[in-house]
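Undergrad: Those protein sequence lines, which keep their order, are chains A and B.
For the first sequence, position 349 (counting from the first letter as 1) is numbered 349 according to our numbering, and the numbering increases by one without interruption.
For the second sequence, position 65 (counting from the first letter as 1) is numbered 65 according to our numbering, and the numbering increases by one without interruption.
Calculated from the structure, these hints are not laboratory results.
It is possible that some hints are incorrect.
[Unchecked claim] Chain B side only, calculated, beta carbon under 7 Å to chain A, not exhaustive: (1) 158; (2) 160; (3) 170; (4) 245; (5) 247; (6) 341; (7) 343.
[Unchecked claim] Computed Cβ-Cβ distance ranges for the label pairs, DEER-style: (8) B:247 <-> A:246: 30 to 40 Å; (9) A:183 <-> B:94: 48 to 58 Å; (10) A:246 <-> B:169: 46 to 56 Å.
Glycine included, C-beta positions come from ideal geometry on N, C-alpha and C.
There are 2 protein chains.
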Amino acid sequence: MKRLLDPDSLRALARGCAVLGAGGGGDTYLTLLQALQATEDHGPVPLVDLDELPDDSLIMPCGGIGAPTVSIEKLENGNEGERLREQLENLTGRKVAALMAGEIGGGNGLLPITWAAPMHLPLVDADGMGRAFPEVPQVTMQLAGISPSPAVMTDERGNLIVFRTISGQWMERLERAAAVEFGGAASSTEFSLTAAEARTATIRGSVSLAIRIGAAITRAEGDPVTALIAEIGAFRLVSGKITDLERQTRSGWVRGSVVVEGLGADAGRLVRLELQNENLVALEGGRVLASVPDLITVLDAETADAIATERIRYGQRVTVIGFPCDPVWRTEKGIAATGPRAFGYDFDYLPVEGLAGAAIGRFPGEAGD
Amino acid sequence: MKRLLDPDSLRALARGCAVLGAGGGGDTYLTLLQALQATEDHGPVPLVDLDELPDDSLIMPCGGIGAPTVSIEKLENGNEGERLREQLENLTGRKVAALMAGEIGGGNGLLPITWAAPMHLPLVDADGMGRAFPEVPQVTMQLAGISPSPAVMTDERGNLIVFRTISGQWMERLERAAAVEFGGAASSTEFSLTAAEARTATIRGSVSLAIRIGAAITRAEGDPVTALIAEIGAFRLVSGKITDLERQTRSGWVRGSVVVEGLGADAGRLVRLELQNENLVALEGGRVLASVPDLITVLDAETADAIATERIRYGQRVTVIGFPCDPVWRTEKGIAATGPRAFGYDFDYLPVEGLAGAAIGRFPGEAGD
Chain A
1 MKRLLDPDSL RALARGCAVL GAGGGGDTYL TLLQALQATE DHGPVPLVDL DELPDDSLIM
61 PCGGIGAPTV SIEKLENGNE GERLREQLEN LTGRKVAALM AGEIGGGNGL LPITWAAPMH
121 LPLVDADGMG RAFPEVPQVT MQLAGISPSP AVMTDERGNL IVFRTISGQW MERLERAAAV
181 EFGGAASSTE FSLTAAEART ATIRGSVSLA IRIGAAITRA EGDPVTALIA EIGAFRLVSG
241 KITDLERQTR SGWVRGSVVV EGLGADAGRL VRLELQNENL VALEGGRVLA SVPDLITVLD
301 AETADAIATE RIRYGQRVTV IGFPCDPVWR TEKGIAATGP RAFGYDFDYL PVEGLAGAAI
361 GRFPGEAGD
Chain B
1 MKRLLDPDSL RALARGCAVL GAGGGGDTYL TLLQALQATE DHGPVPLVDL DELPDDSLIM
61 PCGGIGAPTV SIEKLENGNE GERLREQLEN LTGRKVAALM AGEIGGGNGL LPITWAAPMH
121 LPLVDADGMG RAFPEVPQVT MQLAGISPSP AVMTDERGNL IVFRTISGQW MERLERAAAV
181 EFGGAASSTE FSLTAAEART ATIRGSVSLA IRIGAAITRA EGDPVTALIA EIGAFRLVSG
241 KITDLERQTR SGWVRGSVVV EGLGADAGRL VRLELQNENL VALEGGRVLA SVPDLITVLD
301 AETADAIATE RIRYGQRVTV IGFPCDPVWR TEKGIAATGP RAFGYDFDYL PVEGLAGAAI
361 GRFPGEAGD
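Build out the structure end to end from the sequences listed, making use of the hints.
TA: Dropping the structure here:
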């Protein structure tokens with residue numbers, strides 16, 4: 001066991017998951033409250049490394065699916081995880097040994113803890129994204145050839161669906177449609193796998209990383225934004241205030257855009273973020289400052305707390321940062337699955353360390369689109 | 001065994017199912033071709049009575065779900081039934097003893113034969129509607145308290161979904177959404193039950209009835225429409241031509257309306273049919289001539305072949321008939337589930353034998369709406 005996830009670790013984890021959410025993955029405030037309550041009621045959840053588990057242990061990746069705007073109004077009833085596990089065990093004829101966050105970003109990094117506590121199961125220090133992505137097959141397990149089936153989805157009412165699809169894309173399509181019928185959000189597990197498979201098919205250490213990020217913000221003296229940027233090797237894309245916001249919840253997604261008008265040293269700049277649950281691209285005057293699969297996160301300018309897409313409001317003082325994704329997403333397969341073209345953009349992926357550095361250095365103070 | 005479903009019975013069955021479809025249940029021409037081919041390849045399917053089966057035999061009600069307009073363009077690949085059966089057997093731990101049409105109306109009355117042939121399973125002489133209805137829980141099994149779960153749905157590509165819902169309404173909602181994602185139509189089984197349960201929870205003898213109706217049309221000399229009306233005790237609502245047609249395929253349904261302008265003795269009359277997969281109501285000048293759950297079927301004026309909602313065309317010469325539904329739909333629970341109010345109409349159900357007789361007698365030749 002690496003550690004017990006005590007209340008302090010959970011609070012740090014929540015802050016770190018929000019940063020890794022790139023705007024998505026669901027609200028971390030409500031999921032933190034749920035995780036604190038569940039672990040108070042049932043005892044803290046152990047965080048384990050994949051190397052600690054026998055090769056054939058069954059790992060259940062899980063989390064919420066749907067639009068984050070919905071998830072802050074439509075809460076789980078708490079026993080979704082138990083129902084997912086029971087069904088997955090029936091389907092596979094095997095016992096689930098540990099839960100894993102499908103995505104470490106946002107509330108989905110915490111939700112498995114709320115479910116693991118009453119089941120007295122550990123959480124694996126790994127996830128399938130190293131961040132949050134909007135679509136079901138945008139996970140490292142898909143890249144590694146793990147089947148998304150059987151997937152199980154349930155809602156707070158007790159409805160339950162099992163999906164066996166011919167591809168990850170079909171899983172996305174069918175699960176999204178079901179999530180919409182459930183009211184825009186639901187709980188699910190896909191890509192169940194063994195510990196042996198998970199050792200090479202997941203992003204390892206991401207729970208620990210999120211805790212470390214959260215702790216860096218918490219202990220920062222003076223300027224937490226600067227401390228965070230140093231901790232994760234991020235690029236400051238712009239500092240300013242939210243001057244425009246367009247957000248629609250539709251078809252199981254939140255889509256829209258956010259405009260940040262620069263203040264202080266960034267006065268005169270206009271940076272636009274386009275989002276589909278997560279922040280996909282940061283644009284300035286038609287130039288790309290950062291794009292998926294790299295992470296673009298909006299931080300509160302004072303506290304460095306990440307502001308999810310569903311919590312963005314007009315007038316907020318923010319710093320937008322961009323930072324590198326896990327190297328697995330920069331492979332050919334990774335870019336094909338999660339790069340700008342996967343989201344309909346007609347440009348190639350370039351790493352944020354090139355883009356942001358060059359663009360910000362080259363065009364200071366220039367007005368954007 | 002009651003009989004072997006040989007090619008002649010299948011042809012009669014197809015004609016009868018079309019009449020009992022009340023415009024819906026899917027195309028009978030294509031499903032007849034499929035059933036003829038399947039029984040040529042694998043031998044004829046036995047038609048059995050529920051009394052012939054041991055009490056605990058597992059019956060699989062099955063058929064297509066979606067918009068009939070789609071089903072004439074998007075064909076099954078033939079092995080959907082096998083996949084549904086395999087999954088249902090895995091889920092229940094029991095062997096399927098016989099297939100049953102979820103609805104006898106339209107192509108759904110024939111589709112189970114295409115599936116039963118290669119599996120060498122019999123077809124039960126019963127169904128869940130005695131006609132076709134648009135919604136999943138509009139079956140006698142729902143009235144009888146049989147659970148719709150576990151339901152299984154599959155498509156021609158090989159995707160497979162298992163639903164366990166808290167109600168028939170949720171089953172409808174989730175299956176419809178999945179059918180839409182599959183392209184507007186899919187194959188499914190719901191409300192699996194034992195032979196003992198089916199003896200009181202289904203409409204018995206409906207396959208034989210459909211064959212009898214089809215045979216009556218086939219052997220009619222002179223005027224097949226009159227022969228059919230005599231055979232089933234129907235009311236002639238109007239004879240004329242289709243002068244207006246509005247039909248939209250949306251959200252897994254075909255919805256719209258059809259206007260029939262009277263000819264001959266009915267000259268000057270305008271009768272409007274409103275449809276949701278099936279013909280729901282027949283209206284004349286704001287008066288109801290017939291409504292669900294009674295059957296409203298559009299017949300080719302020459303051949304008495306029923307014309308499904310997706311085959312209606314401007315200018316067709318037709319006779320519209322109304323005839324009584326099975327008595328189970330005229331109970332309080334039956335009317336609540338399938339009466340006009342269940343489809344959003346603000347009027348109470350009245351039996352067609354009262355409505356059509358009175359209205360047609362009282363207002364001959366009067367112009368409608």
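Undergrad: Does residue 158 of chain B hold up as a contact with chain A if the rule is Cβ-Cβ below 7 Å?
TA: It holds, given that the least Cβ distance between residue 158 of chain B and chain A is near 5 Å, below 7 Å.
Undergrad: Is the interface hint for residue 341 of chain B satisfied, with its Cβ closer than 7 Å to some Cβ of chain A?
TA: violated (23 Å)
Undergrad: Does the closest beta carbon of chain A sit nearer than 7 Å to the beta carbon of residue 247 of chain B?
TA: Violated, about 24 Å.
Undergrad: Close enough to count: is the Cβ of residue 160 of chain B nearer than 7 Å to one in chain A?
TA: At about 4 Å, which falls below the 7 Å cut-off, the nearest Cβ of chain A leaves the hint on residue 160 of chain B intact, so it holds.
Undergrad: Is it true that residue 247 of chain B and residue 246 of chain A lie within 30 to 40 Å of each other by Cβ?
TA: holds (36 Å)
Undergrad: May I ask you to test the interface hint for residue 343 of chain B with respect to chain A, counting a Cβ-Cβ separation under 7 Å as satisfied?
TA: Constraint on residue 343 of chain B not satisfied, violated at 20 Å.
Undergrad: Taking 48 to 58 Å as the stated bounds, is the beta-carbon spacing between residue 183 of chain A and residue 94 of chain B within them?
TA: violated (34 Å)
Undergrad: Mind checking the CB of residue 170 of chain B against every CB in chain A and telling me if the closest is under 7 Å?
TA: OK, holds: residue 170 of chain B within 7 Å of chain A, min 5 Å.
Undergrad: Would the hint on residue 245 of chain B stand, with a C-beta cut-off of 7 Å toward chain A?
TA: Hint on residue 245 of chain B: violated, closest Cβ of chain A at ~30 Å, above 7 Å.
Undergrad: Given the range 46 to 56 Å, decide if the beta-carbon distance of residue 246 of chain A to residue 169 of chain B lies inside it.
TA: violated (35 Å)
This entry does not satisfy hints 4, 5, 6, 7, 9, 10, going by the numbered hints stated previously.
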